[in-house]
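Chemist: Chains as they are written, first to last, in this note's numbering: chain G, 8 to 104; chain H, 5 to 226.
Mixed in with the good hints, there may be bad ones.
Straight-line alpha carbon distances no greater than 16 Å define the calculated EDC-like cross-link-like pairs of lysine to aspartate or glutamate that follow [said to hold, decoys possible]: (1) H/K18 with G/E32; (2) H/K57 with G/E89; (3) G/K76 with H/D23; (4) G/K65 with H/E138; (5) G/K39 with H/E54; (6) G/K88 with H/E54; (7) G/K26 with H/D63; (8) G/K65 with H/D122; (9) H/K182 with H/D139; (10) G/K88 with H/D80; (11) G/K86 with H/E58.
Hint data in this document are derived by calculation from the structure and do not stem from the laboratory.
Being a predicted model, the structure only gives us computed values, none of them experimental.
If you want the building blocks of each chain, they are given just below.
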Amino acid sequence: DTHKPVEPAEPTAGMHALKTARFLEVRNELSKVYPEGILSPNPALNLGSKNKGRQYDKDFLLQFQEVFKEKPSMDWDMKLKETVGDSTDSARPQSAR
Amino acid sequence: QSSSNPPAGDNDIKTVFHDAENFNVKHPLMNTWTLWFTKPPSGKGDNWAELLKEVISFDSVEEFWGIYNNITPTSDLALKSDYHLFKKGVRPEWEDPQNKHGGKWAFQFKDKKQVNIDALWLHVMLAAIGENLEDEEDKEVMGVVVNVRRGFYRIGLWTRTVGKALPGEKGRSFEQGKEVLQKIGKRFKQALQLKENEAVEFSGHTDAANAGSTRAKAKFTV
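This is chain G alone, in the form it adopts within the complex (with noise of 0.2 Å):
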């Protein structure tokens, strides 16, 4: 699957699966559903709290980062050129002219 993109890009799966997934209710289901080694949310964040169970520690997060990498979409190069910028330009500390 790694032909040039040179129809309309297609979302990854990354993408799709993103778009399609229900949310976790996770006051209910998060204790249970983590394959072996991911730590759950830190219980006691969520105990006992008014909230709806959406309460995360930094730990927990932090476990995210190296496993979900897409982009938001496949317009996102493009967005990201318009609003913060590329790094060939304004990214870049500016020197001297």
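Add chain H to chain G, keeping to what the hints say.
Modeler: Just chain H now, kept in the frame of chain G:
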């Protein structure tokens, strides 16, 4: 693959840790957040409104990481750039009606070479989206911001009030309001991994606006 097969039970739950290309559940955030970027002025008289750009909104942990892993790190930004991560519907400006009565906790990192600004900004964003900065009933946190400047990096946390109940709202007494802000300030300080003797300062937005200076008098510190 058909999307007409909803997961039937716990056995079918696949997180991104099971399969990053084929997961069927994602982690909801308590709030939807919007990332904004301030472009450095070009020097051609551009106005602030044109420099402040909305980048993207997101409401899941997975989406946050997709964005974070594909955006310019703070350490690569030009001087006078800012990232703002605010609750959706709030513009990261004093002028937004929702910020009008608010203020901010802020800390300046003056030794830019010593400080790992990317890690600090990440940890502050995680504390915000993971809802570690306030308790739900506090309803104070509006967003967080990082400023890249010649002499320093600054990270701030914007709050809805300066401790006073807003007009038309019965709320906390000033003492209670101040306590809530100080609790939030302490959690912010913790997220920044600052030492006890490094003071984080709170100031009201309008104090800064009226003084015509970016550096308002601190109302309180933690």
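Chemist: Tell me, which hint numbers fail for this structure?
Modeler: 5
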